[in-house]
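Chemist: Listed below are the residues making up each chain.
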Amino acid sequence: MTALVALVVALLLLWLALWTVVARDAFVAVAGFVVYGLLLSLVWVRLAGIDVALTEVAIGGGLTGALLLSAVGRLRSTEVAAWSERSGAGTRAFAVLLSVGVTLVLVLCVLALPDPAPTLVPQVVQNLPATGVGNPITGVLLAFRSLDTLLEAIVLVIALIGVWSLAPDRFWGGRPGPRYSSDPDGNLAYLARVLPPIGIVIGLYLFWAGADYPGGKFQSATILAAMWMLVQMAGLADAPRIDNRWVRVGIVVGPLVFVAVGLLGLWTAGAFLGYPEAFAKPLILTIEVALLPTLVLVLALLMNGPPSRGGAK
Amino acid sequence: MSVETLFALCACALVGIGLYGLIVQPHPLRKLVAFNIMGTGVFVLFGALAKRGAAAGMAADPVPQALLITAIVVAFAATAVTVALLLRLIEATDSASLANDPLSGD
Numbered sequence: 001m002t003a004l005v006a007l008v009v010a011l012l013l014l015w016l017a018l019w020t021v022v023a024r025d026a027f028v029a030v031a032g033f034v035v036y037g038l039l040l041s042l043v044w045v046r047l048a049g050i051d052v053a054l055t056e057v058a059i060g061g062g063l064t065g066a067l068l069l070s071a072v073g074r075l076r077s078t079e080v081a082a083w084s085e086r087s088g089a090g091t092r093a094f095a096v097l098l099s100v101g102v103t104l105v106l107v108l109c110v111l112a113l114p115d116p117a118p119t120l121v122p123q124v125v126q127n128l129p130a131t132g133v134g135n136p137i138t139g140v141l142l143a144f145r146s147l148d149t150l151l152e153a154i155v156l157v158i159a160l161i162g163v164w165s166l167a168p169d170r171f172w173g174g175r176p177g178p179r180y181s182s183d184p185d186g187n188l189a190y191l192a193r194v195l196p197p198i199g200i201v202i203g204l205y206l207f208w209a210g211a212d213y214p215g216g217k218f219q220s221a222t223i224l225a226a227m228w229m230l231v232q233m234a235g236l237a238d239a240p241r242i243d244n245r246w247v248r249v250g251i252v253v254g255p256l257v258f259v260a261v262g263l264l265g266l267w268t269a270g271a272f273l274g275y276p277e278a279f280a281k282p283l284i285l286t287i288e289v290a291l292l293p294t295l296v297l298v299l300a301l302l303m304n305g306p307p308s309r310g311g312a313k
Numbered sequence: 001m002s003v004e005t006l007f008a009l010c011a012c013a014l015v016g017i018g019l020y021g022l023i024v025q026p027h028p029l030r031k032l033v034a035f036n037i038m039g040t041g042v043f044v045l046f047g048a049l050a051k052r053g054a055a056a057g058m059a060a061d062p063v064p065q066a067l068l069i070t071a072i073v074v075a076f077a078a079t080a081v082t083v084a085l086l087l088r089l090i091e092a093t094d095s096a097s098l099a100n101d102p103l104s105g106d
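Protein chains in written order, with the numbering used here: chain A, 1 to 313; chain B, 1 to 106.
Hints in this document: simulated from the structure, not taken from any laboratory.
Among the hints, a few may not be true.
With a straight-line cut-off of 20 Å between C-alpha atoms, the simulated DMTMM-like cross-links for lysine to aspartate or glutamate are [said to hold, decoys possible]:
| id | chain 1 | residue 1 | chain 2 | residue 2 |
| --- | --- | --- | --- | --- |
| 1 | B | Lys31 | B | Glu91 |
| 2 | B | Lys31 | A | Asp148 |
| 3 | B | Lys31 | A | Asp25 |
| 4 | B | Lys31 | A | Glu79 |
| 5 | A | Lys281 | A | Asp238 |
| 6 | A | Lys281 | A | Asp148 |
| 7 | B | Lys31 | B | Asp94 |
Sample of chain B residues facing chain A (criterion: CB under 7 Å; computed from the structure) [claimed, not checked]:
| id | residue |
| --- | --- |
| 8 | Gly39 |
| 9 | Val42 |
| 10 | Leu89 |
| 11 | Ala92 |
| 12 | Thr93 |
Quick list of simulated restraints, FRET-style, between CB atoms [stated by the list, open to error]:
| id | chain 1 | residue 1 | chain 2 | residue 2 | range |
| --- | --- | --- | --- | --- | --- |
| 13 | A | Gly101 | B | Met1 | 17 to 27 Å |
| 14 | B | Leu85 | A | Val22 | 16 to 26 Å |
| 15 | B | Leu85 | A | Val125 | 13 to 23 Å |
| 16 | B | Leu85 | A | Leu4 | 16 to 26 Å |
| 17 | B | Thr93 | A | Glu277 | 25 to 35 Å |
| 18 | B | Thr93 | A | Arg309 | 17 to 27 Å |
Positions of the beta carbon are idealized from the N, C-alpha and C atoms, including for glycine.
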């Protein structure tokens, strides 16, 4: 029975992917992509990755979907012109051949995978107690492979700098996106008043529970960023100016604290990002608490885009 | 066939579908969506490998799973930068065409 469900999910996923790729209308394609993201989270549950499923729903489907949908709205005018440039039959035939070839090579690789599969579970089980956290994913993200997480936080900040750099000179230092307004007694404004308190509690719970159960700072930060976007879109608050000192401090505080803890490890544990065993849990918590504002700010500001009004004072 | 093999094979097809869209769709936004599908194909393949690594009471290997979380977040950041680039391109040239160099006339 569960195998049948898995087969149906896999076929639906392929059909949706194909639909998204060949659909003529860009809006239809993006809507298909959002549904595809939700379905994908079912695959993650089936593959025993609850943490990954939460991230996929929140970021892969939710944030990416919202970003693409807002882009589609602003790209409407260019769609017809692009359609006239569509590839000829020769290119399409070549693309089919290439895609089928790549798929076949991958299938051969999958079928040739070694059995039993290589695994790092025994090392994780053996070393997890030393970190003081119960969720192995959090242990990997912040202890065993913390260098990856540090670089990821830095990549996020660099991505935000990249987006901001696209602002025309006259808007530099101003606010991103349009100033949203909505009926103060309407549904959206009502939702934007009622949902955030609940969303903030759920977000902070996911953050705290992430030490021992599925969840963590990424999923939590996405929910908090989404609440902030909701308040902005309902016109209850405006996006911050990008030259605001506190915004900038919040953006860099996570990576800086992370690097500081890493350097501390050099001195106390003999390795960059090493934790002395007795202080592993408090140090991991320090990093997580410092990363949270960075992640919330960066995710929300990436959604907002480059500054587009009210330049230098 | 085990569930992880099924999804691993499904992932191979997703990579192929994404690659096809990346080549044939002329609009950059559509290429971006197709590229994201290709990326999720790689993620699912990696996730299936994580499930194969199940051992010692854990349902899957947490090391590749943690890397997947990192990958999903970085993919979002890259998508956001691409969307911003695309919107700027249209602002500057009134066209989303990649056919020739629209800035060469300046």
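Chemist: Could you run down the list of hints and mark each one as holding or not?
Modeler: Here is how each hint holds up against the structure:
1. B:Lys31 x B:Glu91: holds, 19 Å
2. B:Lys31 x A:Asp148: Judged against 20 Å, a Cα distance of about 28 Å means the pair is violated.
3. B:Lys31 x A:Asp25: holds, 13 Å
4. B:Lys31 x A:Glu79: holds, 13 Å
5. A:Lys281 x A:Asp238: Distance of about 37 Å is beyond 20 Å: violated.
6. A:Lys281 x A:Asp148: At roughly 18 Å apart (the allowed maximum being 20 Å), A:Asp148 and A:Lys281 satisfy the hint.
7. B:Lys31 x B:Asp94: holds, 19 Å
8. Gly39: violated, 9 Å
9. Val42: Because about 9 Å separates B:Val42 from the closest Cβ in chain A, which is outside the 7 Å limit, the hint is violated.
10. Leu89: violated, 9 Å
11. Ala92: violated, 9 Å
12. Thr93: This hint is violated: B:Thr93 lies away from chain A, its Cβ roughly 10 Å from the closest one there, beyond 7 Å.
13. A:Gly101 x B:Met1: 17 to 27 Å: holds, 23 Å
14. B:Leu85 x A:Val22: 16 to 26 Å: This hint holds: roughly 25 Å between Cβ atoms.
15. B:Leu85 x A:Val125: 13 to 23 Å: violated, 44 Å
16. B:Leu85 x A:Leu4: 16 to 26 Å: Since B:Leu85 and A:Leu4 have Cβ atoms about 43 Å apart, the given range 16 to 26 Å is violated.
17. B:Thr93 x A:Glu277: 25 to 35 Å: violated, 58 Å
18. B:Thr93 x A:Arg309: 17 to 27 Å: Taking Cβ atoms as reference, B:Thr93 and A:Arg309 lie about 21 Å apart, which means the hint holds.
Hint check: violations occur at hints 2, 5, 8, 9, 10, 11, 12, 15, 16 and 17; the rest are consistent with the structure.
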